[in-house]
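2 protein chains.
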Amino acid sequence: MKALAYQRAHPLEAFAIELVEVAEPVPRDADLVVEVGAVGVNPGETRVRRTRSADPGGRVVLGWELAGVVVAVGPAVSGFSVGDRVLGTGDPTRDGCWAERVAIDHRVVARVPDTLSLVDAASLPIGGVTAWEALFREGGALPAGVDRVLVVGGAGGVGSLATQLLATRTSATVICTASRPESQRWCTTMGADLVVDHGADVPAALRSAGIEHVDMVLSTAGTAANLAWIAPLLRPHGHLAAVDLDGPLDLGPLVLRSVSVHTEMVFNAVVHGEDPSAQGRILHELAADAAAGRLRPITTTRLQGLSAQSMRAAHQLLESRRTIGKVVIAT
Amino acid sequence: MKALAYQRAHPLEAFAIELVEVAEPVPRDADLVVEVGAVGVNPGETRVRRTRSADPGGRVVLGWELAGVVVAVGPAVSGFSVGDRVLGTGDPTRDGCWAERVAIDHRVVARVPDTLSLVDAASLPIGGVTAWEALFREGGALPAGVDRVLVVGGAGGVGSLATQLLATRTSATVICTASRPESQRWCTTMGADLVVDHGADVPAALRSAGIEHVDMVLSTAGTAANLAWIAPLLRPHGHLAAVDLDGPLDLGPLVLRSVSVHTEMVFNAVVHGEDPSAQGRILHELAADAAAGRLRPITTTRLQGLSAQSMRAAHQLLESRRTIGKVVIAT
Chain A
1 MKALAYQRAH PLEAFAIELV EVAEPVPRDA DLVVEVGAVG VNPGETRVRR TRSADPGGRV
61 VLGWELAGVV VAVGPAVSGF SVGDRVLGTG DPTRDGCWAE RVAIDHRVVA RVPDTLSLVD
121 AASLPIGGVT AWEALFREGG ALPAGVDRVL VVGGAGGVGS LATQLLATRT SATVICTASR
181 PESQRWCTTM GADLVVDHGA DVPAALRSAG IEHVDMVLST AGTAANLAWI APLLRPHGHL
241 AAVDLDGPLD LGPLVLRSVS VHTEMVFNAV VHGEDPSAQG RILHELAADA AAGRLRPITT
301 TRLQGLSAQS MRAAHQLLES RRTIGKVVIA T
Chain B
1001 MKALAYQRAH PLEAFAIELV EVAEPVPRDA DLVVEVGAVG VNPGETRVRR TRSADPGGRV
1061 VLGWELAGVV VAVGPAVSGF SVGDRVLGTG DPTRDGCWAE RVAIDHRVVA RVPDTLSLVD
1121 AASLPIGGVT AWEALFREGG ALPAGVDRVL VVGGAGGVGS LATQLLATRT SATVICTASR
1181 PESQRWCTTM GADLVVDHGA DVPAALRSAG IEHVDMVLST AGTAANLAWI APLLRPHGHL
1241 AAVDLDGPLD LGPLVLRSVS VHTEMVFNAV VHGEDPSAQG RILHELAADA AAGRLRPITT
1301 TRLQGLSAQS MRAAHQLLES RRTIGKVVIA T
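From first to last, the protein sequence lines are chains A and B. For what it's worth, the working numbering labels the leading residue of the first sequence as 1, then goes sequentially. For what it's worth, the working numbering labels the leading residue of the second sequence as 1001, then goes sequentially.
To be clear, the hints were calculated from the coordinates, so they are not data collected in a lab. Positions of the beta carbon are idealized from the N, C-alpha and C atoms, including for glycine. Hints are not guaranteed to be accurate.
Unchecked claim - Some chain A residues well away from chain B (every beta-carbon gap over 10 Å; in silico):
id: 1; residue: 9
id: 2; residue: 10
id: 3; residue: 71
id: 4; residue: 91
id: 5; residue: 94
id: 6; residue: 143
id: 7; residue: 145
id: 8; residue: 197
id: 9; residue: 228
id: 10; residue: 245
id: 11; residue: 248
id: 12; residue: 268
Stated by the list, open to error - Quick look at which bits of chain A chain B covers, simulated, 3 or more residues with Cβ under 8 Å:
id: 13; segment: 134–142
id: 14; segment: 166–176
id: 15; segment: 181–193
Only chain A is shown next, with the shape it has when bound in the complex:
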């Protein structure tokens, strides 16, 4: 089958992902094999492309956000049949879904409702599960006492779905940051009660709206750099949920307010061999919300055909850091 693959980590200017012939995926007992219909492309994948090389002689197939049709079902699978349309994430320690077919643990997928296109379905999994897990730490609800949430980067994939989840599933006041008029309008469409320019002085903008403190900040990018203004904006025992942390962070400013820092890495269960079924359940909820019109899919750029050209265009868009919503490639 065909797949998009590369050998060595590389920058955008030397884009080297190519459509090549690879072996068919070999499913594990708990896997589905899915004929890929659409893939979402994520900032995290552009980072892997820039930093991770294959072992000598090998190749890397990225892509952990997909919608497609089940073509085979492993013996340990229940709840899915050949022909089912599914959406899901994946496992970054295995070959990804930038391919004609992919083997994927059935516990990290859910069925796509009939009314939802595969392209729209593919806009939900990574941003939706990440936002859900970052905000609703246990039991599908915000931490106790959280009534006002600031989403930093409200127009991105995680931010767009976080804003919608907050607006539709909680009673919290939702504030987004976004820098351009079109991204600010987008945040309002997603359900933000207030949108402020994150190119300017966010705490000053909030103060002029009568807001001195927030209970929670969901930070989708630039967390370490923004900590100097995020920390004092949080109330004592406030919450910082961040999806872009991966190394040292100076907790000093946060300790002064006894803040909780919620780290979030969407593949945390599947890469450790833990049961990732909770993610399948989250995806089921997201899909049901989308089918019921409570959650708007966030595909803003649809590219056609899984090719080096379409993938390069997707990476260019994502690395511009000006993407609104989601870039989806229909295969």
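Starting from the known structure of chain A, fit chain B onto it as the hints suggest.
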């Protein structure tokens, strides 16, 4: 009046805290003036002594854990009268309680039940409020989904009270680390279900007890150094509550499990001018628990008389890092 004071930060070997004559405390409107009956001495105060000097010409009076008798009440105070026995914390930006009298915000104290001595009362405030706030982030309960908690440093002031709060106010399984036989026995007395040696391989000791993961670690000391074994011991979306963080921490190992890091600094509200009334309510609960026999005061070393000698002895004990329970000085 007399107070224990020093001018320049100094190590234990050059101990320079002296009993000197200082002006009477000047209460603010919301303050009580308390005649100090007993003070708890804390590891945090030994750190301040080592690192913080007075402004030129000034002096530092430490001490933010006390029990005593109200001798004056400010005009904005309600709920307290002259003659009340109280226990409380304090405000590290003001003069502390290592003195005959101290001015203290009434919102960070509570009344001492008749059956509790001032020496026992003084063993509760800092460790009790710190443990409470670190464990029960909102609403006096553990985060949702936390059924198994490991207390690293179970025999110290925070650890002893955390263990008791967990044992008496939650249904969680409580595991403590302690290195010596006497500190291990102490943890059992505090209510630990299991005690393991933190000088040895803690994860291996837990595995041999059939425990692969815990939901929460409360770390009272050495958090950064212990992170390499703490992180993999936590389940996905587990909780690390730490009371000794003050600077950079490598969140990398925690992100891999999407862990929440709960920072805790007991003075977070009062030093920022936020309403610290929640702490008065916690102290009230702790005092009521102690009066009802549900919470055992943790005074293990009682020193007599507020003097340079007794304070030096307290600091020596604390800096040995082998203290069990609490060192209290009766004035």
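Minimum Cβ distance from residue 228(A) to chain B greater than 10 Å, as the annotation requires: Answer for residue 228(A): holds, closest chain B Cβ roughly 14 Å.
Cβ separation check - residue 268(A) to all of chain B, threshold 10 Å: For residue 268(A), whose nearest Cβ neighbour in chain B is about 4 Å away, the distance does not exceed 10 Å, so it is violated.
Does the claim that residue 197(A) lies off the interface hold, with its Cβ farther than 10 Å from every Cβ of chain B? holds (26 Å)
Holds or violated: is the Cβ of residue 245(A) farther than 10 Å from all Cβ atoms of chain B? violated (5 Å)
Assertion that residue 145(A) lies farther than 10 Å from chain B (Cβ): Answer for residue 145(A): violated, closest chain B Cβ roughly 4 Å.
So is residue 91(A) really clear of chain B, every C-beta pair being over 10 Å apart? holds (14 Å)
Between the segment 134–142 of chain A and chain B, see if three or more residues pass the 8 Å beta-carbon test, and mark the coverage as holds or violated. Our answer is that it holds, as 4 residues pass the Cβ test (under 8 Å) against chain B, meeting three.
Should the label of residue 94(A) as a non-interface residue stand, given a Cβ cut-off of 10 Å to chain B? holds (17 Å)
Just want to verify: residue 10(A) was marked as not at the interface with chain B; is every Cβ pair farther apart than 10 Å? Holds, because the least Cβ-Cβ distance between residue 10(A) and chain B comes to about 24 Å, which exceeds 10 Å.
Check on residue 248(A) being off the interface with chain B, judged by Cβ distance over 10 Å: violated (5 Å)
Between the segment 181–193 of chain A and chain B, are there enough contacts, at least three residues with CB-CB distance under 8 Å, for the coverage claim to hold? That given contact is violated, which follows from only 0 residues of the segment 181–193 of chain A lying within Cβ reach (below 8 Å) of chain B.
Would the least Cβ to Cβ distance between residue 71(A) and chain B come out above 10 Å? holds (30 Å)
Violation of the numbered hints given earlier is confined to hints 6, 7, 10, 11, 12, 14, 15; the remaining hints are satisfied by the structure.
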